Structure formats: structure tokens, C-alpha cells
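Enquirer: Okay, here's what each chain looks like letter by letter:
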Amino acid sequence: MTTTPAFEPNAPTPGASTSWRERLWPRGGSGSGENLRLLALIILAYVVIVTFQSPDFLSLASLFDLIRTGSALTIVALGVLVVMVTGGIDVSFLANAILSAWIATALSNALGIDSLAFALTVAIGIGTFVGLVNGLIIYLFSLPTLITTLAMQGVLQGVLMVFLGARPITAGFMPSSLRDFGTSVLFEIPAGPGFTGLSVFAIPLVIVIALTWYLLNRTPIGRASYALGSNPLGAVRSGVEVLKINLVVYGYAGALAGLTGLMMVSEIRLVNPVSLVGNELIVLAAVVIGGAKLTGGTGSVGGVVLGMALITLLSNTLVTLGLSASWNRFFIGAAMVAIAAISHYRAKQRNLKLLNFQDV
Amino acid sequence: MADTTPSHPAPTSKRPGLQARLNEEFLAEVVLYGIAAIVLALIALRLGGAFFNATNLVSVLEQVPEFALFSLAMAIAMITGGIDLSVIAVADLSAIFAAYIMTNPSIVDALGPDGAIALATVVALGASVLMGLFNGIIIARFGVPALVTTLGTMLLYFGLASGLTGGVGITGMPSAFTDILMLKLGPIPVSFCGLAVLFVLASFYIRNSLFGKTLYLYGDNKVAALFTGLPINRAIMISYALSGLLAGAAGLIMLARFNSMKVGFGDTFLLQAILVAVLAGMDPYGGRGRLLNVLAAVLLLQCVENAFTIEGLSPYAKKMIWGGLLLIFMALNFFVRRIVRRSLTRAALRAG
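Note that the protein sequences, when read in sequence, are chains A and B.
So in the working numbering, the last one in the first sequence is 515, and the numbering has no gaps at all.
So in the working numbering, the last one in the second sequence is 588, and the numbering has no gaps at all.
No lab work stands behind these hints: they were computed from the structure.
Worth double-checking, as some hints may not be accurate.
When the alpha-carbon atoms are kept at most 25 Å apart in a straight line, the in silico SDA-like pairs for lysine to any residue are as follows [as the list claims (entries may be wrong)]: (1) B/Lys458 / B/Leu446; (2) A/Lys508 / B/Phe463; (3) B/Lys458 / A/Gly389.
Fair warning: this is a prediction, and the values are worked out from it, not measured in the lab.
Kindly produce the complete structure, drawing on both the sequences and the hints.
Expert: As C-alpha cells, then:
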């Protein structure tokens, strides 16, 4: 136990000497920074290949498309990142997302309130509540987080379908403010025959990226989260309150799940209670590809954004490479296994050198 | 329980670690069989003869094989403190290979119908062992946690299956293959007899062989296991290959039952297999639990499932109940374990 360092060397150690850039994009001798550069290279290479296949791919319109289709899942992935930093995992987030979005829409309809702010408040509130329940029961019974949140996923779906008797809400019955939210653009540029615009989703995306970065790197809670993930016993002995951290990280992940749910239903203009669930793996893959480890203590906001960018690129452009969309999961899985294998193998070698046998 | 006692006396007479483990396993068994008795009594009160008749009980036995195999695969991974989330994907992909072979006219012409079935079985089981071994290599050699590895390979195998089939189902297996499940030994299906034998052998082997003890030791204390000099990596790889093999066998049984195979078949078994393993007293953190109890837990859950079907519950209601039960069982196990630890500590303090 004594050989375990309080922080893993590649965790962004809080200290005055590290610049903001180092925290967002750690570099220099750390596995995580190398990972990010590798990931950026992979994305670049992939973009070059796609551009060879269809030359008009490299445009602002493609970037806008990437932002519109990828932002909802990137937001929820950032919530999962915060959980993973503490050494936990959450697979209930999409069940939570659709539950929050359905209740928000149904409540808006029932009360006749056609306001985006109201729907957002309700969705984020319910999402947060579910997240807090996750965090609380995991702490109280010291349960394995995967199994708990997997069970929670079943419970949430059951609550939605059985107790609330949810039926799909089609576009015609959605509040118009929600429908507009999915189609609004900030500004437009000419593209091809028509116009293409930067989706309004860019605003929550930027806010959540900034907020998550701030939470992880500039607050005591963020520091405690990294500490708890790297060395739980050490963190507890140095005064980290596990219950508080659990509530914050699972609550935060839940809040982002609620936001994501509302964004997704307004993008596809349909609130289908049985949709979304089943795509959790894609989000988890993005977080792992971005360099977070399930054992906790590592992972960065920049990594998650890049990982999600790679996955969204894959699913948007696989058809241009002549492969059907059914191959999507294969490539995501391959990328996830390869990157996890590389980063864990490096960590294993490093730990053996340090005579740290805990994480071998 | 004598098998886990070391052959030579321990240097100190007090071994609370080992003692605690045995007591926890025993108490988990009490919880399991207590719950089983209560649940069966409730079913008897509510449904009576509608449930407890020969036809229904035999149908319970007929329905369990693939469920039991998935649960066994999950339980073996849990002994080492790991988990195998790729079992359903392995089953689907290997069954798709088998379905391709059995429905390919040129192969059937060349080998005859029985030859094609034999080839399909060998290829499917071989593929499933390789997929499991791949999991094991990533976990043991590269040090990736089982959870990440099997999440990734789940995507990989599902992706490969849907890429190869384009998401379309394959149907029309030869009747000689689908009839395997119809075979009966008296009133009892042969598939269940085979299953029972498999469970007894697996449970005995994993408790008594060096291989099995290595797995338990690794699950109980990784660092200590590393310092024993036992071939840990090899044991882990073999255990995941075994999980893969069991999943492949489950895939073949699903193929025979549905007479078709499509990506995503059987994905409800994932949550249930985890639930069964936890209910059977397998500790998700590793090192505890007996495989024979898994069969009992599977039978119990299948009885409940049948009772739900007789009651006419929707799949979502079932999923909710399974999830809720899983949370309750884990909480219950937590309290049981805490009581055991406290009483042991108290006993140790009294003894000075």
C-alpha cells in the first residue's frame, strides 16, 4: 500500500506550475497526453481518408453537422467522465435521459406551458434526482457501480413504461418551443445548394465543456475526485468525504443526462420512451477512447471531446467509405479495445517499474 | 468446505480472513435458499395448481439451459473479481457462424446434413473459445480491467455480427439440429440433465483443482496471488476462454430454440445473468461463491419468470422487477457481510 503514490503521475496534479493548457491537454511524459496526441492523429488521418473519397467533405458544413449530431452525446459523455474519474461507472444515463425528457414534455403538455426554460428545469431536475439516488445507494451499501447502475437502468425504464404508462409523443404533440430548440441555428453560411447553420446546441455544449473543465480542475471537489479515483484509501485518509463526492459526481452526471435527453428528443422531434437505451456503450467507448480509465484517477475533458468527435465522425461518414452503417459498432469497439490496451499496458509497465502491484 | 483449509496448520491460530469468507459464503447460501423458499411459497399461494403442475415444471426445466450457461459464464468471471459483459455478443456471433454453415446449400451438399451440423457446432464453439481467449489476453496480458475489455469486445463482436449479416436474421435450420432440445429422459429434458452434470462437475473442479483455487485466490487478493508464483495470467485467460465456450454453447441452444439467429437475440439475459450470479452468492468483487448455487438461482428465477408470464406482466415490468431485485439482494448481502465481520471482530476482541 505504501508504494502507491497519492496521485498517478499522469493525473493532472493540481499545482500552481501547471497551466490551463496542461490541464485540458496534459503532456510531457504522461500516458494521457500521448493518448490525446495519438487520438488527434487518428482523427486527422481519418479525415484525410474521407476527404480523398469525397472531396467536398472538408468544409465548415461538415463541422456544423458534426456539432449538431455529436453535441448531445458529448454532453452526457462529460457526465460519465466525471463519474469515471472517481473510479465509478454509470450506465443508467440514457434511461435517465429519456425518463427526464418524457416527464418534461408530458408535464409541459399537461400544464400547457410552452417554454424551453420550464422543460429544461424539469428535465435537469429529474435527471439530477435520479443521479443523486444512484450516488446515495452506491455509497450506503458500497455496491459495485456498474451492477447498480445497470439495475437502475432496468428500474428507470420500468418506472417510465409501467408506472407512468409512457406512450411515444410525436412532433405534433410536442411543445413548439422544444421543436424549435432542435432546429434553431445561431447563424447560417451558404453551403452547396442551400444554407447550413451552426446549431444552437453549440451553446449548451460549450457551457458544459467549460463547466466540467472547471469542476474537475479548479475546484476542491475535482481534486478530491481525481484523488479518490487514483487511491481511494489514501483519499479517505486525507479527509475526502466520499458521500459528498459521490452525490456531486452522480448528481452532475444525472443533470447532464436530463439535458441530453431534452436535446435528443428535440433533435429527432419524437419522444419515444423505448428509444435511446442501448446506446450507452457508444458513450462509454468515447470516454474510454478519450483516455479515461475505469480504475479512476485519469481522464480529461479534451480526451472525451476528441473521443466523441472520432465516434461521431465514424458514424457520419462510414457510408462515404463504402461500408454500411452496421459496421459502425465494430470500428468503435476495435478503437476502444485498442486504445484501452495501449494505455493500460503502458500503465502496467510503469507500475511494475515503480513496484506498485496494486494496479497491475 | 474442508477443501479450502490449508494442508499444514497456519502459523497463527486465528485466521479471521478465511473464517469470514466461509461464513459469508454460508450466509449467502442461507439468504438464497431462504428467499427461494419464501418465493416458492408465495407462488404456491397465489397460483397454486396453475404453476405447480407437471407440464409447467417440465417447461421450466426446458427453458433454463441457455440462461444457465450465460449465468455460469458470468459467475466464473466473477470468481476472479471480473465480469464478462460480452457473453451475449459471443453467443450471437458464434450462432450466426453456425447458422451460416447449416443453411449454406453447398456445404450441406458436400458434407451431408449431419456433417454440416457437426461442422457448424465445431466452428461455433471454436469461434466462441477464440473470442473468450481474446478477452482473456486483453485482460491478463495488457492489464485492462475486465469491465472495459468486455464492454469493448461486446461492441466489437456485436458490430462484427451486424456487419456480416447486415442486421438481417438467418432462419431455416435443419430439423435434426432443432430437435436436440426435444430429446427427453423420461419426463426430464436431456438438455437439463446435461446441464446438471456440467454444473456439478464445474463446481467440483473449480473448488478443488489448482486452476480453480488460483481463480479464487486472484479474486480474493490480487497482490497476494501475484506473489505466489502461480501462473495467474494463464489461469485468467483460460477462465475467460471457458466463459466464451459456455456462451457459445448457449448461442447454439438459442439457435436451436428459435430456429433463427439475429444480432441482439437474448440481450435481456445479460442483466438476468448478473442478477443470478449475485443472487447465488458470487461476490462481484471476487473470491467468493459456489457455482452449484448458480443453478439453484437460475431455477428460482425461471420459476419467477414463468409465474410473471402466467400473471401477464409486460417485459418492462419484468425488467424493472429484475433491476429492483438486484439492488435489494446486493443491499442484503452488504448487511449480511457487515454482521459477519462485526461478530468476528467482537469474537477476536473477546479472545484478546
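Enquirer: All the hints need checking, so say for each whether the structure fits it.
Expert: How the hints compare with the structure:
Proximity of lysine 458 of chain B to leucine 446 of chain B is assessed by CA-CA distance (about 16 Å); at most 25 Å being required, the pair is judged to hold. At roughly 16 Å between alpha-carbon atoms, lysine 508 of chain A and phenylalanine 463 of chain B fall within 25 Å of each other, so this suggested pair holds. With a CA separation close to 19 Å, the supplied pair lysine 458 of chain B and glycine 389 of chain A stays within the 25 Å bound.
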